[in-house]
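The sequence shown begins at 2 in this note's numbering and counts up by one.
The set of hints was computed from the structure by calculation and includes no laboratory data.
Glycine is no exception: its CB is placed at the ideal position from the N, C-alpha and C atoms.
Honestly, I wouldn't trust all of these hints.
Beta-carbon label-pair distances, calculated as ranges [claimed, not checked]:
#1 A369 with G72: 56 to 62 Å
#2 G703 with R821: 42 to 48 Å
#3 G465 with D279: 51 to 57 Å
#4 E371 with P347: 47 to 53 Å
#5 A149 with D310: 52 to 58 Å
#6 D499 with R815: 30 to 36 Å
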Amino acid sequence: MSEQDRVRVESTAGPPLLASRLTPAVPPEPVVARPRLLRRLDEGSAGPVTRIAAPAGWGKTTLLASWVRLGGAPAEVEPGAVVPDSGELAAPPESGPVPAWVSVEVGDDGDRLWSYLAAALRAATGSTESGRVPERSPRPEHLEALAASLAAADRPVLLILDDLHRVADPAALTGLEFLLRHAEQRLRLVIGARAGLHLPLHRLRLAGELTEIGPDELAFTDDEVADLLTAHGAALPAAAVHRLRERTGGWPAALRIAALAVRGQADPERWAGQFGGDQPEIAGYLHEEVLATLDRAEEDLLRRTAVVDTVCADLAEALTGRADAGQALADLAGAGGLLHREDTRPAWYRCEPLLADLLRADLARLPADELRGLHARAADWYAGDGRPTDGLRHALAAGRWDLAGDLFVAHWPELTRYDREPVHAPAPVAPPAEVVRADPEVALACAAERVCAGDLPAASAHLGVAAEHAAGLPVPRRDRFLRLVTALEVSVARLADDQTEVRAAAARLLRTRPEGATPTRLPDSAPTAPSSSAPTTGGGAAADDADLRAFTGTALGLVELADGALPAARFVRARAAAREAGRPRTELVGASRAALLLAVRGELRAAEQAARDALGMPPCRGWSGRLDCAYAYLALALVALLRDQPEEAAANLALAGPAFGVADGWGAEAGTGEDWLAAAPGEPVAAAVAALCRAQLHRDAGDPAAGQRLLVRAGAALADRPSATELTSLLRAAEAELRADRGDLDAARDLLAGNTDDGTDPVLAVTVAKVELLAGDTADAGRALPDWQSPTATAWPLPVRLDAGLLDAVLAERAGDGRRAGRILEQVLDLAGPQGCRRVFTRAAPPVRDLLAAHLDAGTAHFTLVSDLVRGANTSIARPSAAPRGVLDEPLTERELTILRYLQSILSNVEIASELSLSVNTVKTHVRNIYRKLDATRRREAVRRARELRLI
2 MSEQDRVRVE STAGPPLLAS RLTPAVPPEP VVARPRLLRR LDEGSAGPVT RIAAPAGWGK
62 TTLLASWVRL GGAPAEVEPG AVVPDSGELA APPESGPVPA WVSVEVGDDG DRLWSYLAAA
122 LRAATGSTES GRVPERSPRP EHLEALAASL AAADRPVLLI LDDLHRVADP AALTGLEFLL
182 RHAEQRLRLV IGARAGLHLP LHRLRLAGEL TEIGPDELAF TDDEVADLLT AHGAALPAAA
242 VHRLRERTGG WPAALRIAAL AVRGQADPER WAGQFGGDQP EIAGYLHEEV LATLDRAEED
302 LLRRTAVVDT VCADLAEALT GRADAGQALA DLAGAGGLLH REDTRPAWYR CEPLLADLLR
362 ADLARLPADE LRGLHARAAD WYAGDGRPTD GLRHALAAGR WDLAGDLFVA HWPELTRYDR
422 EPVHAPAPVA PPAEVVRADP EVALACAAER VCAGDLPAAS AHLGVAAEHA AGLPVPRRDR
482 FLRLVTALEV SVARLADDQT EVRAAAARLL RTRPEGATPT RLPDSAPTAP SSSAPTTGGG
542 AAADDADLRA FTGTALGLVE LADGALPAAR FVRARAAARE AGRPRTELVG ASRAALLLAV
602 RGELRAAEQA ARDALGMPPC RGWSGRLDCA YAYLALALVA LLRDQPEEAA ANLALAGPAF
662 GVADGWGAEA GTGEDWLAAA PGEPVAAAVA ALCRAQLHRD AGDPAAGQRL LVRAGAALAD
722 RPSATELTSL LRAAEAELRA DRGDLDAARD LLAGNTDDGT DPVLAVTVAK VELLAGDTAD
782 AGRALPDWQS PTATAWPLPV RLDAGLLDAV LAERAGDGRR AGRILEQVLD LAGPQGCRRV
842 FTRAAPPVRD LLAAHLDAGT AHFTLVSDLV RGANTSIARP SAAPRGVLDE PLTERELTIL
902 RYLQSILSNV EIASELSLSV NTVKTHVRNI YRKLDATRRR EAVRRARELR LI
């Protein structure tokens, strides 16, 4: 910055002004550039107001200072670059707005704030007339003159106000609001603040004139954590970097403290794994910078509600006795930013991880009776709200052994674990021996709580203690007790991936069913009314039988699903039994899995209804539900694909991805999807179905090679799943079709050879017929085509049966029997119409499209449907062709090509470095070279350019 452009600090009246408050301070430590946030500020500052709102330590001032010092987000700034600390500011571009900086301090009233605003605005506008820029809280005529001066300026003024929350007088900001409205968009505000502001944010938000950046965006990513550690001379393995980010929630202040502290550790990786909010450096910062800003009532609310993981208004009221607890939570989440609000109704809130650590450490110092009282209140509230898992955990922590035993006996089918998300719940104190002797169900309750936490050794130990007391129980109670023991054994075996023991324990459990019990009937139609969260009461043996069928059916279904099987009927029956018993958690598992498996079978209406039922079930009932919702979204994606709705399919894939560990989802913009197959090793069926969907979307986009690679990877992932025969056939058939689509008929035949010798696999047999027809060999196609109208064909997946029928119709037409071809086509339409299955028609080969057009002229009972299919088929004829391989001015090296293939995955630079046994800096150097050679500035742009050049 030139001398004449420096901020003037003279004041015509009042105390002198500090130059340090009119320019961004030089950070006292290395600060890494974060281009994604710099770009967000660039984009936001094109509008009237940009607001960065977050609690202390979230890097608001650092981000704003970096942005100003770098002059925005220059294209040459790489992620991880150290922001210059020379004290000089980057010169603003000649055509851009002129920046003006003001740091607000505690105690600034209207007059003091406007004296600094006057100095900053005079420097920005080049005005030497003090009268045009008021130095005290302005009167209306002063504001009008200033607005006119700003409107007449050659360039807009970009006014950055840091820590604006320190201004407590609403009147002090009235002038800024006036200038925003009347300066003809020549004044733009960028604000950094902790709490609420006295500005019309709601009006700005409704008008689309407000850009907001909060903690979710300010949180560091894995790559940014690695950059920060590197800038501080510290290094951690990729897994430790990820763990550190998870433990801190990406909180910048905590990460900087960690970066400074980790250098002196003998075992940095172990230290990072134990990093928490109860450590002295973090605890001191949180107490001084976060909790000290709260009044005593707010701090007490946070501390008492920290006894639970998430809290709502009613639960907070039960824990604190405050009638205004709901409003206090909303204030702490909104203006304070200390709580994260979940996207639920009613609203649920949770603390950031490190703050939760600190609050729980404070709770642990409470008198034992007071702490048990909080757990008891939580247990009573959860029990009354139908959340037995949380109720059981808090009942045990409170020493409410009677409540714990009652909750387990009444809700045992729901007290198991259906997902793999980590649970960090400490083990409660074991009940006294005399309690277990009098009521051994309490030991079973302890085992169930440990099952829900994923602590299988502790669960088994509690089961052993309970079993010692079974012999002394009276017969009716002993029978029930042994049944509950067996149910827990099923859960322990399932979570331990011991499929043999799951089947054996489930068989033992089913042998305890009441006499005369009947199997669960399959529902004639999907239920439409919402299910009750209350278990069946007063049903006696019938209720017990429904619980047993729901629990064992779900457990066996999950075991078969993990082995690659497609047990649709089992999940449908288990869901019906769970609904009958009033077990919503078990019903959610059954509905979501049944939805996906029904979609694979082509029962699209039932699949769609089951998926929407699953998504419509109440969340926040003591379980996460993320994995269940992901299955439902995946089912909807497959339904949309089979109905030839590719955009909707891609959208639902994107919604499904994160629960399976795919950060960017499985949507159309998420790369090729090859590397997410490893992200869901415990859900092989879901991963394979997603691969089938993605491969078809790639084919539609004119890139069958990408789809083919994806299917090969998916098939290899199922190689060790003995029950995945049907799913493997679907993958192989899809791959053969893609090979044939690319003109590689011999490779398609080789892929299918040896798999249809006995003619028992209709999926592969139909695909062989399609390949032979495409090759022009109608005789071989006819011989390979199985009888799609036989009684056994009703068990085939509907899309396979429809494909077979269409092939039969084409072969009849080729043989000169047009009337038979018409009859067959009508039968195929009869099957496809009720389910809305369109893709087999609209994406079929030209002979099928010709047959549809001729059938429309000949007359059909499905005139509207056929007309729509003909139009859809014509729309999809012109598919994008793959671009020829291009030539770069400077070719990529072999190492750069390897890293380029990783760039299309979800892996971060840290994870790529770990995969290739390289340093993060080496990977970044290669990435920069790749960007330069491909003339790209971002990862997605580089991948897109590489695909255009057929490099990947």
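Structure-based check of each hint:
At about 58 Å, the beta-carbon gap between A369 and G72 stays in the expected band of 56 to 62 Å. Checked against the hint of 42 to 48 Å, the pair G703 and R821 fails, with Cβ atoms roughly 35 Å apart. In this structure the hint that G465 and D279 lie 51 to 57 Å apart at CB is violated, the actual value being about 33 Å. Range check, E371 to P347: Cβ separation about 27 Å, and the 47 to 53 Å hint is violated.
For the pair A149 and D310, the beta carbons lie near 56 Å from each other, so the given range of 52 to 58 Å is met. Restraint check, D499 to R815: a C-beta distance of roughly 54 Å breaks the suggested window 30 to 36 Å.
Violated hints, listed in ascending order, are 2, 3, 4, 6; each of the other numbered hints is respected by the structure.
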